[in-house]
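Colleague: Those letters in the sequence shown? Residues 1 to 148, per UniProt numbering, in order.
Possibly wrong hints are sitting among the right ones.
Stated by the list, open to error - Between beta-carbon pairs, the in silico distance windows are: (1) Ala60 - Arg141: 37 to 43 angstroms; (2) Trp15 - Asn64: 16 to 22 angstroms; (3) Ser4 - Ser123: 37 to 43 angstroms; (4) Trp15 - Arg138: 36 to 42 angstroms; (5) Lys139 - Lys65: 32 to 38 angstroms; (6) Asn64 - Asn116: 38 to 44 angstroms; (7) Asn118 - Arg141: 22 to 28 angstroms; (8) Asn137 - Val82: 16 to 22 angstroms; (9) Lys14 - Cys113: 14 to 20 angstroms; (10) Arg138 - Gln94: 32 to 38 angstroms.
As the list claims (entries may be wrong) - Dumping the calculated DSS-like pairs for lysine-lysine here, alpha-carbon to alpha-carbon at most 30 angstroms: (11) Lys145 - Lys131; (12) Lys131 - Lys7; (13) Lys14 - Lys65; (14) Lys53 - Lys7; (15) Lys53 - Lys14.
For the record, the hints were derived by calculation from the structure and aren't laboratory data. For glycine and all other residues, C-beta sits at the position ideal for the given N, C-alpha and C.
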Amino acid sequence: MSTSARKRLMRDFKWLQQDLRLASLTHHVIITLCYGMLLYLVWMTLLGMGTFKLTFQFMADYLNKPPIVRFISTMFHPNIYVDGSICLEILQNQQSPIYDVVAILTPIQSLLCDQNPNSQANSEVARLFSKNKHEYNRKVREIVKFSD
Numbered sequence: 001m002s003t004s005a006r007k008r009l010m011r012d013f014k015w016l017q018q019d020l021r022l023a024s025l026t027h028h029v030i031i032t033l034c035y036g037m038l039l040y041l042v043w044m045t046l047l048g049m050g051t052f053k054l055t056f057q058f059m060a061d062y063l064n065k066p067p068i069v070r071f072i073s074t075m076f077h078p079n080i081y082v083d084g085s086i087c088l089e090i091l092q093n094q095q096s097p098i099y100d101v102v103a104i105l106t107p108i109q110s111l112l113c114d115q116n117p118n119s120q121a122n123s124e125v126a127r128l129f130s131k132n133k134h135e136y137n138r139k140v141r142e143i144v145k146f147s148d
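Can you build the whole structure from these sequences, using the hints too?
Modeller: Now the structure itself:
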């Protein structure tokens, strides 16, 4: 990873932990840095819904390519693959050096509250979301309850 990318990540994480705007993004974010692999473990408590654990892996070409972001918490969501990968444009092909870590976390948070069954990552969950929201919501609450 280039020195500029490494400096940018350190700046982003420092800013993320200190900035007052963080309260509008999440209620709580904990970042654990694992040296060597450049793997950042992020815990997010979102809007009282529950605690969701994600990994961010920043590769050597970060700034030009998005990090690999996966939920390690069990998720039941139409836009999250079974392996925890997220179906989200900013993580696919819209990466730009202007996007900081908050610019990546914000649409992830939004996606959790605003599902998009037309951009399916999990067709079974998307089908349930479209046909029976009551049952979908029950399953989500059940999974969140057991993941805390």
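Colleague: Look at each hint and say if it fits the structure.
Modeller: Now for the hints, and whether the structure bears them out:
1. Ala60 - Arg141: 37 to 43 angstroms: 40 angstroms, holds
2. Trp15 - Asn64: 16 to 22 angstroms: About 21 angstroms separates the Cβ atoms of Trp15 and Asn64, which means 16 to 22 angstroms holds.
3. Ser4 - Ser123: 37 to 43 angstroms: 40 angstroms, holds
4. Trp15 - Arg138: 36 to 42 angstroms: Between Trp15 and Arg138, where Cβ atoms are some 38 angstroms apart, the hint holds.
5. Lys139 - Lys65: 32 to 38 angstroms: 34 angstroms, holds
6. Asn64 - Asn116: 38 to 44 angstroms: 26 angstroms, violated
7. Asn118 - Arg141: 22 to 28 angstroms: 24 angstroms, holds
8. Asn137 - Val82: 16 to 22 angstroms: 20 angstroms, holds
9. Lys14 - Cys113: 14 to 20 angstroms: Violated, at about 27 angstroms.
10. Arg138 - Gln94: 32 to 38 angstroms: Holds: the Cβ-Cβ distance is about 34 angstroms, inside 32 to 38 angstroms.
11. Lys145 - Lys131: Since the Cα atoms of Lys145 and Lys131 sit roughly 23 angstroms apart, the hinted pair holds (cutoff 30 angstroms).
12. Lys131 - Lys7: 47 angstroms, violated
13. Lys14 - Lys65: Measuring from Cα to Cα gives roughly 21 angstroms; hence the hint holds.
14. Lys53 - Lys7: 24 angstroms, holds
15. Lys53 - Lys14: 19 angstroms, holds
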